[in-house]
Amino acid sequence: MDSALILQARNLTKRYGANIIFQDISLDVQKGETIVIIGPSGTGKSTLLRCLNLLTHVDSGQIFLEGEEITAPGINEDRVRQQIGMVFQNFLLFNHLTALDNVMLGLTKVRKLPKPQAHEKAMHELARVGLADRAGHYPGQLSGGQQQRVAIARALAMDPKVMLFDEPTSALDPELIGEVLGVMAQLARENMTMLVVTHEMGFAREVADRIVFMEKGHIVEQGAPDDLFERPQHARTREFLWKITELYGKKEKK
Amino acid sequence: MLTDFFLYIAQGTAVTIGVTLVALPFGLAVGLLLALLYNYGGRWVSRAAGLYSLLMRGVPPVVLLFILYFILSGRLINLSPFWAGSLSLGLVSSAYQMEILRGALAAVGAGQMTAARAIGLTRLQAIRFVILPQAIRLAIPPWSNEASIVLKDSSLVYALGVPEILRRAQQLSATTGQPFLAFGAAALIYFALVFLTNRALDSLAERTKLPTQPV
Ligand SMILES: Nc1ncnc2c1ncn2[C@@H]1O[C@H](COP(=O)(O)OP(=O)(O)O)[C@@H](O)[C@H]1O
Ligand SMILES: [Mg+2]
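Chains as they are written, first to last, in my numbering: chain A, 1 to 254; chain B, 1 to 215.
Take these hints with a grain of salt, some might be off.
List of simulated lysine-lysine pairs, DSS-like, C-alpha gap at most 27 angstroms [claimed, not checked]: (1) A/K31 / A/K121; (2) A/K243 / A/K216; (3) B/K209 / A/K109; (4) B/K209 / A/K115; (5) A/K109 / A/K121; (6) A/K161 / A/K115.
Source of the hints: derived by calculation from the structure; they are not laboratory data.
Whenever a hint applies, use it, and build me the whole structure from the sequences.
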């Protein structure tokens, strides 16, 4: 793997009012790396991702994208967000637009591509997630799995340097999870840099280069999947992994 | 006889439609601006917009109409009765249209804004290309209701001397001594106009409905 640093978070702290959501979080992401973030709900995982692409702002600390500080005052935040793709738990496709237009919107309005080029690029991204034949469908006509794949294509169309996934399969029926994880695994193989919050331990083990365990606003432990799963250093990590495997097993049986 | 009645009153129809076609879009423009300020403006801007709506909706339209009319046709601004009346009616309607639109904007949901910003759209672009097209769809049915209210309330400009349907019916009733026929004809014309307006907007709502059936 290319070991160039692409995203760097330094001593991030985030509060909502008097609530400290996370404190002093630092994370280095190498180019092409797939990092899976796990941890109990309410731990600040979503907030961390939202801070990384400036959808919300940290109270202190710095974030660097390819060496440029994106938390610096006066930075063009729209330009930063364009370079960091994000995929949400509940898809959030633009409901009034077809799959194709969902992917094209950023190309025409943000990147200002002429229509024919935008169309070609959008079709290419839809094909990448296996949905070229659904280009003309509205979100309401697509299954959850298809909607999430369109959402991935929409993010990919901006040629992001990093992709953030916030529990991309948590809202999906079990039989639709595989198609989305499949697309994500493919992206990882293509060396896309990815930060993925998920409870899918199978995906974490097979696809992640590194797993980060977060709890109560802190990174408790991180390491290669095998190390973390087989030899967790902290009791809390062990407990969480045990619980999540239990839960995951139960969901499978249903 | 009956046709003469209708013809005379029907001449007022053009004025009624004219008043409505000024008041409704004017109220829409002001209402939309206020709704956007309410939903996306800062705290004080939002409060000011809310206060405007509260005051405007807390007073009977006809009272406001008189107040606004005397401002718009006064010394400083001196508009003709038609324009002063129509714009006053539009201002009254703007508060109701604002309520309709801010409800629709809120109903689109914060997630759509988040998703739009996440691909690099500016706030204004997000509102224009993502939020508004969805909000407007949601607003059509309640807006259709407001459109028929404005159409009917346009009869209030009668009190300002604008020769619309009701004023002509009143004149006819006085000169012919046939109030039932005169006002009956006026009622029929209003009904037809409201009916057509609602039908047109229903069909617009139908045509812009987003497909949802799974395929
Ligand atoms: N916009 C917000 N305002 C106030 N509190 C928030 C907001 N967003 C998240 N929080 C709080 O931050 C904490 C962490 O939330 P979140 O980042 O969603 O955790 P996770 O994704 O790990 O479940 C929660 O306690 C949540 O209530
Ligand atoms: Mg979360």
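Going down the list of hints, with the structure as the test:
1. At roughly 23 angstroms between alpha-carbon atoms, A/K31 and A/K121 fall within 27 angstroms of each other, so this suggested pair holds.
2. At most 27 angstroms may separate the alpha-carbon atoms for a hinted pair to count; A/K243 and A/K216 meet this at roughly 16 angstroms.
3. Taken as a hint, the B/K209 and A/K109 pair is honoured in the structure, with Cα atoms around 24 angstroms apart against an allowance of 27 angstroms.
4. Simply put, B/K209 and A/K115 have alpha-carbon atoms about 25 angstroms apart, close enough for the 27 angstroms limit, and the pair holds.
5. For the given pair, A/K109 sits about 14 angstroms from A/K121 by alpha-carbon distance, which is consistent with the 27 angstroms threshold.
6. For the suggested pair A/K161 and A/K115, the alpha carbons sit about 24 angstroms apart, so the restraint of at most 27 angstroms is met.
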